[in-house]
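Trainee: The task is simple: from the sequences and hints, build the whole structure.
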Amino acid sequence: MFIADVVGTVVAPVQIPVLFGQKLLLLRPLTPRGKRTGKTRIGIDRAQAGVGDRVLVIDEGNSARSVLGDPKGAVKTVVIGVIDYVEGQGELWYDHRRPTGDKR
Amino acid sequence: MYLGRVTGRVVATQRYPGIEGVPLQWVQPLDEDGEPMGAMLVACDVVGSGPGDLVHFVDGREAALACPTTFVPVDATIIGYVEQAAHADGRMIGRGN
Numbered sequence: 001m002f003i004a005d006v007v008g009t010v011v012a013p014v015q016i017p018v019l020f021g022q023k024l025l026l027l028r029p030l031t032p033r034g035k036r037t038g039k040t041r042i043g044i045d046r047a048q049a050g051v052g053d054r055v056l057v058i059d060e061g062n063s064a065r066s067v068l069g070d071p072k073g074a075v076k077t078v079v080i081g082v083i084d085y086v087e088g089q090g091e092l093w094y095d096h097r098r099p100t101g102d103k104r
Numbered sequence: 001m002y003l004g005r006v007t008g009r010v011v012a013t014q015r016y017p018g019i020e021g022v023p024l025q026w027v028q029p030l031d032e033d034g035e036p037m038g039a040m041l042v043a044c045d046v047v048g049s050g051p052g053d054l055v056h057f058v059d060g061r062e063a064a065l066a067c068p069t070t071f072v073p074v075d076a077t078i079i080g081y082v083e084q085a086a087h088a089d090g091r092m093i094g095r096g097n
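Top to bottom, those sequences are chains A and B. All residue numbers for the first sequence refer to the numbering used here, where the first residue is 1 and numbers rise by one. All residue numbers for the second sequence refer to the numbering used here, where the first residue is 1 and numbers rise by one.
Please keep in mind that the hints were generated in silico from the structure rather than gathered at the bench. Note that CB positions come from ideal geometry on N, CA and C, so glycine has one too. Any given hint could turn out to be false.
Unchecked claim - Chain B stretches covered by chain A per the calculated footprint, using a threshold of three residues with CB under 8 Å from any CB of chain A: (1) 33 to 46; (2) 80 to 93.
What the hints assert, rightly or not - Interface residues of chain A toward chain B, partial, derived using beta-carbon atoms under 7 Å: (3) V7; (4) V14; (5) V51; (6) A74; (7) K76.
Mentor: Structural data, given as structure tokens:
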């Protein structure tokens, strides 16, 4: 699992059946401190996340298939949580509870 | 799953059994700005995309699951045809740009 910022949405009118009706989000993976890292991904939203949220993402097929309830689905990246705050080394690295514009 | 753009096609007549008849496309992965991200790769296509199209693709074991025969040696498959990717700041990555 990793954390990511939701930076956009993806609209795909033609896709494989397992993705019908699923919301797709554009995800920018982050280090625990919130620096950009790794490759931008597209994830299926299962946590009612939206643009601007920092989210918890799984990028592994078996977990994704069990989340979607389809044992043969060709899915891999799923948003499974919206992050409230990230704490490490006694510091608060990210806090969603702060007023807008003051997020770290 | 990643965003990408189809840049060309690959034709291979001699194939491993199970992936005959599945089109192969060149895909350039894109980042959230629509800029190229990493090296181009060859992906199977199950949605009927063509050069110039914006798509999303899956890699790893799941790529084979998207193919008509699921136990095949495939590591990337195009699984969706993207109409539009909207960035938070209002920019759009669409079919033409």
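Trainee: Each of the hints needs a verdict: does it hold here or not?
Mentor: Here is how each hint holds up against the structure:
| no. | hint | result |
| --- | --- | --- |
| 1 | 33 to 46 | holds (count 3) |
| 2 | 80 to 93 | holds (count 9) |
| 3 | V7 | holds (5 Å) |
| 4 | V14 | holds (4 Å) |
| 5 | V51 | holds (5 Å) |
| 6 | A74 | holds (3 Å) |
| 7 | K76 | holds (5 Å) |
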